[in-house]
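Let the sequences and hints guide you as you build the complete structure.
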Amino acid sequence: MKKSVLVIIFSIILVSCGASKSTKKYSYKKPATSKSTSLKKLNSNYSGSVSGTRSSVLDNAENYLGTPYKYAGNTKAGFDCSGLVCKVFDENKIQMPRRSSDQAKQGKLINVSEARPGDLLFFATAGGSAVTHVGIVHDILNNGEVTFIHASTSKGVIISSLNEAYWNKAFLFARSVL
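Numbering (mature numbering (1 follows the signal peptide of the UniProt record, and there is no 0)), first residue to last: -21 to -1, 1 to 157.
Don't read these hints as lab results, they were simulated from the structure.
The reader is advised that the hints may include incorrect statements.
[Unchecked claim] Cut-off 27 Å, straight-line C-alpha distance, at most; resulting in silico cross-link-like pairs (BS3-like, lysine-lysine):
#, residue 1, residue 2
1, K134, K66
2, K148, K49
3, K49, K134
Pasting the structure below:
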């Protein structure tokens, strides 16, 4: 009897592991533009001007689009969300703490309606109110939609929107460090 129960349990575990879907590799193709005009074209819907450090932060972040997710990663080989922020801001001579919960204490708190490209968005992806994820504001479209660059666990470094139900529900607050 015990052997039968163990065989059944083992069979269920074996079948359930084999039935899981494999993760699809996400590839983002950055628009083909010259470096000097790429930000103007990518942010043509943003009503404010994007220049200086903000422009550089976005250029650097866009260079990592398509990079795979890697827990505790902060190199082109792979990033986690806070590692991406650290790398991009470090490339712009701005030191940021390594953890997203510590990054959430930097700069000044702003309303999401005041966010500009290069500002940071913080999320509670595990529910509750603890910061567990961070992204860099990429664009604010004419309709008010806020897009952001971040390291997704399933797709690597991508651009997402606060209009997506998952991110909208997980959103906590925005901060400006620039």
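Structure-based check of all given hints:
Only pairs whose Cα atoms come within 27 Å are accepted, and K134 paired with K66 is accepted, the gap being roughly 19 Å. A distance of roughly 24 Å separates the Cα atoms of K148 and K49; the hinted pair therefore holds under the 27 Å criterion. The suggested pairing of K49 with K134 holds, with an alpha-carbon distance near 11 Å, which does not exceed 27 Å.
When the structure is compared with the earlier hints, no violation turns up for any of them.
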